[in-house]
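In case you want the letters, here they are:
2 protein chains.
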Amino acid sequence: MKTSHFPLSTTKEFPKDAEIISHQLMIKSGMIRRLASGLYTWSPLGLRVLHKVENVVREEMDKSGSLEVLMPSVIPAELWKETGRWDQFGKQLLTLKDRHENDYCLGPTHEEAITDFARQELKSYRQLPISFYQIQWKFRDEIRPRFGVMRSREFLMKDAYSFHIDAASLEAEYQNMYRTYSAIFDRLQLEYRAVLADSGAIGGDRSQEFHVLADSGEDAIVISTESTYAANIERAETHAGTKYAAPQQAFEKVATPNARTVEDVAKQLNVPIAKITKTLIVHAEDGSLIAICLRGDHSLNEVKAGNFKGIANPVVFASDAEIVEKLGVSPGSIGPVNLPIPVLFDHALYSESDFICGANENGFHYVGVNFERDLPFTGTHDFRNIEEGDISPDGQGTVKFIRGIEVGHIFQLGNKYSTAMNASVVNENGEQTIMEMGCYGIGMTRIVAAAIEQSHDEKGIIWPDVMAPFKLSLIPMNYHKSEVVKELADKLYKEFLALGVEVLLEDRDIRPGNAFNDHELIGIPHRLVIGERGLKNNELEYKGRKDAESSFIPVDSAVEFIMNQLKK
Amino acid sequence: MKTSHFPLSTTKEFPKDAEIISHQLMIKSGMIRRLASGLYTWSPLGLRVLHKVENVVREEMDKSGSLEVLMPSVIPAELWKETGRWDQFGKQLLTLKDRHENDYCLGPTHEEAITDFARQELKSYRQLPISFYQIQWKFRDEIRPRFGVMRSREFLMKDAYSFHIDAASLEAEYQNMYRTYSAIFDRLQLEYRAVLADSGAIGGDRSQEFHVLADSGEDAIVISTESTYAANIERAETHAGTKYAAPQQAFEKVATPNARTVEDVAKQLNVPIAKITKTLIVHAEDGSLIAICLRGDHSLNEVKAGNFKGIANPVVFASDAEIVEKLGVSPGSIGPVNLPIPVLFDHALYSESDFICGANENGFHYVGVNFERDLPFTGTHDFRNIEEGDISPDGQGTVKFIRGIEVGHIFQLGNKYSTAMNASVVNENGEQTIMEMGCYGIGMTRIVAAAIEQSHDEKGIIWPDVMAPFKLSLIPMNYHKSEVVKELADKLYKEFLALGVEVLLEDRDIRPGNAFNDHELIGIPHRLVIGERGLKNNELEYKGRKDAESSFIPVDSAVEFIMNQLKK
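As they're listed, the protein sequences go chains L and A.
For what it's worth, this note's numbering labels the leading residue of the first sequence as 1, then goes sequentially.
For what it's worth, this note's numbering labels the leading residue of the second sequence as 569, then goes sequentially.
It is possible that part of the hints are untrue.
[What the hints assert, rightly or not] Lysine-lysine pairs mimicking DSSO-like chemistry, simulated, CA-CA at most 30 Å apart:
1) A/K1114 / L/K81
2) A/K596 / A/K1054
3) L/K138 / A/K706
4) L/K52 / A/K1039
5) A/K580 / A/K620
Honestly, the hints are just simulated from the structure, not real lab data.
Construct the complete structure from the given sequences, taking the supplied hints into account.
Here is the structure:
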């Protein structure tokens, strides 16, 4: 391609709402243009990148044995009513009516549509296992679309769905998809982690997210310093440490006048916050109250609490008035000793002795509190958010937090959708059997933005070779004036094209500085400059996009040199 | 691929509403499955075919110099209000509201979206000419979706839009697109014609449709017996023949009691219908009346009449009551002689002398009517539908009618959209200039159905090689029982795969007859059967999909034989 024909419509301006670097750089490089809130047109430059991602994903999915299909984007409401999601999905579901007043949605995901397809096509266990995937634009009516294509309303997904006769077959395909996803993100040359995840609204049994690592990532990920363990903060388990020591202090009630928080108590008693046990009051499923005790410096993980048997999910905290009315004490002075409601303890308290807690009497706390002696030990559970420095959930090393951008997700759905939609096959014994399902998504448009978040500098985007819109910039100085430069530039251009190299020849009549800026901004990995000065020494100037300095290479070996760079 | 893994879900059943053969065969072969009215899921088999069409179109569009982009499918109403199409488009436009109650449509076409993109990106004549295309799913809310993907609600289009500084540049790109479309349909191995067309609702100046020829086609096309001329019936011009001869008969009034139609008059006077001139009364733009005279056996072309200066468009026929009131005569006895309103003559009357027409007196006609002697000759115009046997509009040969399926359309839009949306660039003299536009569409999903309409037999689909989902069927007899057959089948399968041949190995444990039926139904062009009987003579059985008989080829030359077939 030549820039005279291929539009590089770079700009220095970007809209105020472009808060993150990938959004800014996609606008500045001209990859996308806003059509409306959360809706973008992909320019020729942007689409070249997106197609490269698409090709890698398609090749690896084909290799995995999954079969490509394409479902409509407009899905009839009936199917979503069969699974109950028509009412559950909320306002992100864009609904519409056709001219006959029939209801539809613009598919944000296609579990219902594929399950409908599968229950028509699949009749026998002999047809299983089978996996279908599609690469398709989806729609989510975000309340506040932002971050460009990172959280746009239309977005390109690869979504795959597998069908199985039993859980063992599903597990095998889940592993196959894990390997496939790893291969995809490896080929895309991204730094990523597979992260244990809560499966959230889609439901199901087991899931992992694939995150591209970037400081600007929306999600915090817990990783081990020693192993490959990685998990969502919400999901990372904490463990009980060593058992509490024998009591050293006497059990005593002390005055803590006007202390409302653990910080107040710590200050008044001049102890570390960690010595204090705090007591949170939540609703049980039946509306009665339950106490959860945590170490003073820890925070409650509401996902874990909500999943605990007997506790209302999502978690509902008792109001101050409710606490005063039912427990006869203000929230700042509650404690587990003789509390007339069920009391649960977080794992971190297992190691605690001689601790401090509210005395269930306004303005008083107990000190020197010990399990067994002062209150019964009823076991501990995982209720808190993991913290940096904690022992890794897999027992190897400690954990630290990094940030990531979710670009993929693999789920074991189990039979949630197949049961609701009665998607069954005949098994070996001739009995109708509900199929097990897995689903596996990749955010294609999001990958483009995530790659930029991970790899850029002050000059612009730095593409991994595989995603770059062009591999090589050919920049002649004075192309329109110097015969010798033009001749060599045209010759090299043709040679590279013949070798299958995606080369972009700068043949616009613009200042060299502007040309360099444009080609660096759009992130082309390799650059050859052809100038009369260098040609006097029979040399061209080469610079890799990440290089600090350029180097000179003999004209005669330029093609070979570039071909070697591209092989790296 | 092996059929054990690649689902051939053929069926003998098809829904009652599958009226046309392509719809029936796409269902029977398992290429598509209905999700809802006019909405289809493309199965792995169907999508393979669609992708082949897509690849050919993309390659040729890239070759043409057009640049691929991708616009959102959800388009804000504001843009459609700028051009007025929000109110004009009618109920085929599927509209919707987002959570903030903003209006959008699902794009049935993207003139507004691309013009919005272009007015942001294009600032100077130096950036012109430029052409953008996209391959994208579109939506039209058909009142009665039918014929499968031939008239579905979601359909895949290639739509391209070009921008120009002047009409000459637009004409050049129009010719470029004409050549590109011809190359596309040539490569798709379809029998097609480029047909002069009325540009219809999209508006603009000049347009041609590309039709795949098929007896079942919805559209009638006029072609020349001698030249490449082809046009829509609505558009095909008729010409005046030789000038009328001198009068031979006396001008006389004769009684035609109760004659209401030209047929009645012809019968009563015992003359051919063609000797009678019929007079139709239509509204002028100002609501007054205008007469149009046609030869008795000809029919009015309302598109031509509506386009005639002064006549209301669309054409409004005067009611019987209106005729009686204003002209004082019933419709069956009107004629051009002394009619007190403007009278227009069709070209065919130019050759007429001694003709018959109404006498403007109930129950009477004139016979022996001649121009100049009996009524003034005011010239003739093109008002009628062309008929088989007429002289071809290009003067070469006569015309005949064939039927076609519209799969492509190229338009010169002119400045309709660019004016409405103020899409201008600076010209050479520094003045803001509204751009000229062209638009060019191809119905990708429709091509698949049209190819089937054009090429099938009682056994099923006969794909052109380029569109076939697989090129070669490899059918071993007793694959699961005969070692020697299995060994050779597996060996050939690997050899063909290594040679890049898209081969489908039949490895299901089904009856040979069922296997043959499946592979013929889905239209695979070449078939090799491996059986113990043939192997005794060291032979395989080959049959091309169109062949009446199979032939035997030596095992050793089978690969070479197939490779030669594929080159054809």
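Checked hints:
1. Proximity of A/K1114 to L/K81 is assessed by CA-CA distance (about 47 Å); at most 30 Å being required, the pair is judged violated.
2. Between A/K596 and A/K1054 the CA atoms are separated by roughly 29 Å; this keeps the pair inside 30 Å, and the hint holds.
3. With a CA separation close to 14 Å, the supplied pair L/K138 and A/K706 stays within the 30 Å bound.
4. Distance restraint check for L/K52 and A/K1039: the Cα-Cα separation of roughly 27 Å lies within the 30 Å cut-off, and the hinted pair is therefore satisfied.
5. In summary, the hint linking A/K580 to A/K620 is supported, as the alpha carbons are separated by about 26 Å, within the 30 Å threshold.
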